[in-house]
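The sequence shown: position 82 = 462 (my numbering), numbered continuously.
Since the hints were derived computationally from the structure, they do not count as laboratory data.
Certain hints may be false.
To be verified - Between beta-carbon pairs, the in silico distance windows are: (1) 462 x 573: 44 to 52 Å; (2) 488 x 447: 28 to 36 Å; (3) 565 x 454: 51 to 59 Å.
Said to hold, decoys possible - Once the Cα atoms are required to be at most 25 Å apart in a straight line, the calculated DSS-like pairs of lysine-lysine come out as: (4) 560 x 588; (5) 525 x 588; (6) 476 x 465; (7) 588 x 569; (8) 476 x 563; (9) 476 x 537; (10) 537 x 563; (11) 409 x 488; (12) 525 x 465; (13) 488 x 465; (14) 525 x 537; (15) 488 x 563; (16) 569 x 525; (17) 476 x 525; (18) 476 x 488.
In this text the structure is predicted, and so the values were computed from the model without any measurement.
For glycine and all other residues, C-beta sits at the position ideal for the given N, C-alpha and C.
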Amino acid sequence: MPNKTSFLNSPLNWVFSAPSNIAVIRALKDSREGMSGRAAARAAGFTHQACRRALRDLESAGIIVRQGAGHTQLVRLNFENILVKEALLPMFRAEKSFLESARLQIRKEFGRQARTATLFGSTARREDEPGSDVDLLLVTDAPNKDPLEERARLFGKRFITEYGVRFSPMALTTREVRAKYRKADPLLKNILAHGIDLLSERLEDILK
């Protein structure tokens, strides 16, 4: 862990000093009974060695505690720790609701203007990274899709401010999307295979 800052003055500098620390806390946050070090490593998605270092650092900061001994030893979050209670757990609750909040915003914005709204691309595949776009296919029954495109453009400006992610919409009329389906459009096939429908009506239903 870094030694250039005071722990009591800047505890989050220490806790967030390595991605493995964050991942281990995330893995342990819902387990009151705790888990083995190897189970924590698997849940965190890091090697056993990286997890051991993270556990050592987090234990020294009072973030985790160990129970038992030897092969039966378990690790768990120290739920009595002020930093855990007042900073880390609320942060992870906010993280958990982050994507659902974004989806809800999209539903509210386009629920009456679009017949379907389907997430696709890296976000739908859970492969998105910082800088990735949120790709969304919007389909409207209106013969003119221009109003929907303009609404999506304005929404995108707010979306990047609130979520830090670029909004990349593609608007099609029902006639256009059905024509693409008949032509076996590769992108549309991919959206149908991996997309996530956000409105009550599904994309595949309007193609029949």
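Which numbered hints does this structure break? 2, 8, 10, 11, 12, 13, 15 and 17
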